[in-house]
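Colleague: Sequence:
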Amino acid sequence: MYFGGSGARMPAIRLAVMVWCLFAGAAGVSWSACRENGPGREGEGGSVPASGWIQAMAFLSGTTEAEEMDSHTAEQFMSLLRHPLRINYSTRSRLTESGLFSPYQTASLTDYISRNGDVLSVAELAAVDGFGREYAAALAYFVSFESAALPGYSSSARRRLLNSLTLRSGFRQKENERHDCSYALRYCLDLSGKAELGFVAKSGYGAGHFPPEVTSFSLAFYGRGRVGKIVAGDFNARFGQGLALWSGFSMGGLSAPESYSRRPSGISPYRSYSGEGSFRGLAADFSFGRFILSSFIAAEGLREVFAGKIPGEGLSFIPAVNMGYYGRNGQVSLTCYAQTAPVSAASAGNPLADLKCSADIRWNIRGTDFFSEVAVDGISLAVAALAGTRFPIGEHLTMAVSARYYPAGYSALRSGAVRSGTKCTNEYGLSASGAFAAGEYVPIAGKTGFGSSVVRHRGVFGIDASHAPAPRFGTDGPSSQMKVRLDYDCRVSPHLELSFRISERIRTWGERCKTDLRADVKYASGIFSLVSRLSAVRCRGTGLLAYLEGGCRKGVLTLYLRGGLFRVDNWDDRIYVYERDAPGNFNVPAYYGRGFWTAMTAGVKCSRSCRAYLRASYLDYPWQTPGTEEKKPGKAELKLQVVLDF
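Its first residue numbered 4, the sequence shown is counted upward by one per residue in the numbering used here.
Just so you know, the hints here were simulated from the structure itself, not pulled from any lab data.
Glycine included, C-beta positions come from ideal geometry on N, C-alpha and C.
Please note: incorrect hints may appear among the correct ones.
Pairwise CB distance ranges (calculated) [unchecked claim]:
(1) Thr478 x Ile382: 18 to 28 Å
(2) Ala198 x Leu520: 45 to 55 Å
(3) Asp479 x Glu633: 31 to 41 Å
(4) Asn166 x Asp479: 49 to 59 Å
(5) Glu633 x Glu279: 25 to 35 Å
(6) Arg543 x Leu489: 19 to 29 Å
Below 27 Å or equal to it, Euclidean Cα-Cα: the simulated DSS-like pairs (lysine-lysine) are [stated by the list, open to error]:
(7) Lys557 x Lys608
(8) Lys177 x Lys634
(9) Lys177 x Lys635
(10) Lys205 x Lys608
(11) Lys177 x Lys197
(12) Lys517 x Lys635
(13) Lys426 x Lys517
(14) Lys525 x Lys557
Whenever a hint applies, use it, and build me the whole structure from the sequences.
Modeller: Quick look at the structure:
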């Protein structure tokens, strides 16, 4: 098979994609938004439409859009979309590990249920201390209010067995190259919330098919007494504000007030396809009233030993402990962890590769959040710190400010920086952000019940200034950077919404200035929707991108169709776009070059326990980028996924 080029034969997959796109475009087919658990989950007041879950996911993660999320967080939300968290049956440990609640919200929710009985609606959840209307409306996509108790009483544990199997395969053909394929498998067994078994295997394009490129497994036991959970296998560990110990990373930075203070999930089973950022070993947490003790022992390099890539002498061990107090008004905790040198190097006089101790606090006083963490590097004795506050100003404005001090001598080996481009070292920074709302409430077409209307004018603005005292990013001296950003959404009518963004980045190295402009027009009628976007980036040159996406959600079938053009001549002007994909797949490619793309994504609910998804896409570069010797190769891709729930 051959691609593109004059006189080249067109492969079947490319022909199928183009014929489908022409047919769907001529027929005016469009697709709103695909939920993993079908066209819409029944909630308060009727069917909850699918179009809002992406915005809810971004809001709960402290970002303003999907492009700013990391893959692990997105996959976690998508898993909760299919299997919502049963908040009336969940223990404090499960509520915290979900990442949906801060420790303050977890304590407030558990206290409310113990005193007043089960939470039975989104409106009731909004009335619980620490939640509110907007937060509860966003949570509605990811939690269940299932209850077996009379009003005013709490539900006891209810037996429920869940088997979930996801099978995914991908086929890709690049111009003048041999076709390639990928696959992924995810299995989860949930025994009535008392135990959970998870297994993930994945091989991407260009990787060998067996053994899989990435494997991950975990076995978790949950208790209702002193024992919160015990996890064996792969797990996350996120404590405090991320200064000492935080697995994974963040893409978006400090983009909204909600992102300034983090929600530590403690120890939680690892369920991502990426296989990055997690620990492998044994972990547990124990509850003593309002105190929770978390500890684990992990081995760095254990995956490579299992795969036969390194000998056992290459292992290093990571013991850690966290002791925290979690009250209705906040939390205080202490974290200590160490990492030994590899076994083969331990006898050379360097027994420790890393050692950290930190103290953190997050407290709420009359609606104002205060948060801080101080950490000490036990090897260099460098001290790092961060502090901030988030507070309301009136009814329609929320502000957040923070400061961070990361000396160059502080090791950030296990820290979680506020954005993926930096680490918790060699940086001093100040940030401020605000979220505002104004105007009357406007209903959203196709949505009923609590959260079915939004304020007409909404937006987020922020500024972040940072300074690096030591060389980094290829510089030979100190460097500085400042970012300014404004996002604005206007709900014109129940069917129409306009969104705009403008951001500016100024730095003292490389390309000094970068301007990012974006405008979205969104139309939704409840069944049909249409979204268009125009993006422009000015840095080394000028990058332009535009796309049009439409869709339909009818019965058991959901469908997306997107087509776009881009003209980006320099890598520094690249434009990231969130691409809809099958559930559990987080797809944010960077567009660079001169070309076009089209993609069709469909989902069908075959039965109560089976759902199937298909995504077909084609990307081509018919126009050669100036300064390049050869035209970039186009590619066609087909993805198939089946989800079985028993």
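Colleague: Are lysine 177 and lysine 197 close enough, with their CA atoms no more than 27 Å apart?
Modeller: Since the Cα atoms of lysine 177 and lysine 197 sit roughly 47 Å apart, the hinted pair is violated (cutoff 27 Å).
Colleague: A range of 49 to 59 Å was offered for this pair. Does it hold for the Cβ distance of asparagine 166 and aspartate 479?
Modeller: holds (58 Å)
Colleague: Could you grab the alpha-carbon distance between lysine 177 and lysine 635 and see if it respects the 27 Å cut-off?
Modeller: holds (10 Å)
Colleague: Regarding alanine 198 and leucine 520, is the given constraint of 45 to 55 Å on their beta-carbon distance met?
Modeller: Given about 51 Å between the Cβ atoms, the range holds.
Colleague: Compare the distance between the alpha carbons of lysine 205 and lysine 608 with 27 Å, and conclude whether the hinted pair is satisfied.
Modeller: holds (24 Å)
Colleague: Hinted pair, alpha-carbon criterion (27 Å max): lysine 525, lysine 557. Please report holds or violated.
Modeller: holds (19 Å)
Colleague: For the hint 19 to 29 Å, verify it against the beta carbon of arginine 543 and that of leucine 489.
Modeller: holds (23 Å)
Colleague: Holds or violated: 25 to 35 Å for the Cβ distance of glutamate 633 and glutamate 279?
Modeller: holds (32 Å)
Colleague: Check the hint pairing lysine 557 with lysine 608 against an upper bound of 27 Å on the C-alpha distance.
Modeller: Distance of about 11 Å is within 27 Å: holds.
Colleague: Next pair to validate is lysine 426 with lysine 517; report whether the Cα-Cα distance is within 27 Å.
Modeller: Answer holds: lysine 426 to lysine 517 is near 21 Å, not above 27 Å.
Colleague: Checking one constraint from the list: CA of lysine 177 to CA of lysine 634, max 27 Å. Satisfied?
Modeller: This hinted pair holds, its Cα atoms lying about 13 Å apart.
Colleague: Is lysine 517 close enough to lysine 635, meaning Cα to Cα at most 27 Å?
Modeller: Holds: lysine 517 and lysine 635 sit about 25 Å apart, inside 27 Å.
Consistency with the previously given hints fails for number 11 only.
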